Amino acid sequence: MTIAAALEIALAMLVLGMAAWTIAARETFAAVVGFVAYGLLLALVWVRLDAVDVALTEAAIGGLSGILLVGAAARLRASETPAVAESPDGMLRVGAAVLATIVAAALAAGVLALPDPAPALAPAVAANIAATGLGNPVTSVLMAFRAMDTLLEKVVLLLALVGVWSLAPDRVWGGRPGPRHQADPLGVLAFLARLLPPVGIVVGIYIFWVGADHPGGAFQGGTILAAMWLLVMTAGLTDAPPVRLRWLRLVLIAGPAVFLVVGLAGLWLGDGFLSYPVAYAKLLIVTIEVAMTLTIAVTLGLLLAGAPERSA
Amino acid sequence: MSFALDILTITAVSAGAFFFLAGTVGLLRFPDPLTRLHALTKADNLGLGLVVLGLLPQAGSLRGGLKLICVWLLVLLAGATISQLIARAAVASEASEASGQRGKAN
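Residue numbers (the numbering used here), protein chains in the order written: chain A, 1 to 312; chain B, 1 to 106.
Rather than coming from a laboratory, the hints here were simulated on the basis of the structure. None of the values given here were measured: they were computed from a predicted structure. Here a beta-carbon is modelled for each residue, glycine too, at the ideal position from N, C-alpha and C.
Selected chain A positions facing chain B (in silico; Cβ < 8 angstroms):
(1) VAL188
(2) LEU189
(3) LEU192
(4) LEU195
(5) LEU196
Can you make the complete structure from the sequences, with help from the hints?
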């Protein structure tokens with residue numbers, strides 16, 4: 001057995017153990033921490049499978065969803081003790097475990113039963129990637145070959161944000177999301193919120209820019225920018241904007257709107273909806289990605305800031 | 001020359017792994033949040049620093065080596081900040097617990 005195989009087995013055992021610990025944890029906060037650690041271990045698994053773009057997304061979204069879940073755990077702390085009394089009994093848990101194991105075994109059997117080499121579209125992508133002007137096949141699939149899916153995903157993100165906003169009570173409709181964070185302006189969190197965002201913004205923009213030829217992309221870069229914005233808001237150095245501001249809403253629809261405009265222009269200039277003329281393919285793709293990064297950053301930041309709780 | 005660099009890598013990464021182990025043992029065995037944080041800083045600073053030092057000869061280019069050092073510095077920054085925040089929260093909750101018990105005793 002090679003060292004690489006031994007490491008992979010150890011990693012798989014770690015992931016399974018972390019998942020089991022997360023399910024068995026008593027406190028909600030402990031389960032959330034276990035879930036974030038599980039996400040980071042999964043990112044390592046993706047790297048071992050040579051899917052570095054997915055690993056970047058897993059690490060970034062794992063961090064953001066950790067913030068979301070910690071906020072939810074904090075809100076649920078009051079109802080934690082009565083909720084424990086109503087948790088499902090042993091038989092139901094065993095049944096759920098058996099069902100989950102059967103599904104996992106069926107998936108594993110399906111993956112192991114694939115012929116070698118497994119049927120894939122990677123050769124087709126490699127043959128046609130020159131038409132997009134990009135070097136990273138994942139980005140070319142996301143932005144050119146399956147651009148429709150990416151466009152619809154951005155619209156879904158927007159709808160999720162509208163759903164979160166609709167939870168606001170009537171009197172604070174359109175107000176500022178979340179509580180006003182007050183951190184000591186000379187304290188440690190404010191220090192971090194002054195030191196880290198410049199680095200984070202550079203890293204985020206770099207990851208978006210380099211996604212054209214290397215692992216990266218608009219979504220990962222936008223997530224890092226959103227995380228920096230959330231850090232500055234949590235430290236109290238800036239306040240969340242009221243959600244009825246016009247410029248905020250324009251930024252939110254900029255991504256899908258630019259995508260849609262370029263897609264419709266493809267009806268005249270190219271071969272159909274969302275087709276790019278080959279000479280301008282990379283320019284159009286980068287334009288769409290710039291708008292999308294901005295939109296993703298603001299959307300994720302507002303999603304995690306929550307529903308409006310204060311009038312402006 | 002590359003043999004010496006490989007020896008350096010193995011020694012440094014092993015030493016870093018030892019510090020990670022020591023930090024984890026401290027996390028599990030120490031009685032107090034503050035002492036556990038102290039154990040974790042050994043894993044963060046020394047452990048990761050030695051691992052990065054050991055990986056520098058394998059980085060392949062100056063840019064890769066600089067990125068490794070940047071990763072170490074960012075982890076130092078995050079670790080230091082979080083340790084301070086957790087320690088202050090632990091001290092504050094201890095103080096409120098102690099005053100609560102004194103109030104009950106009275």
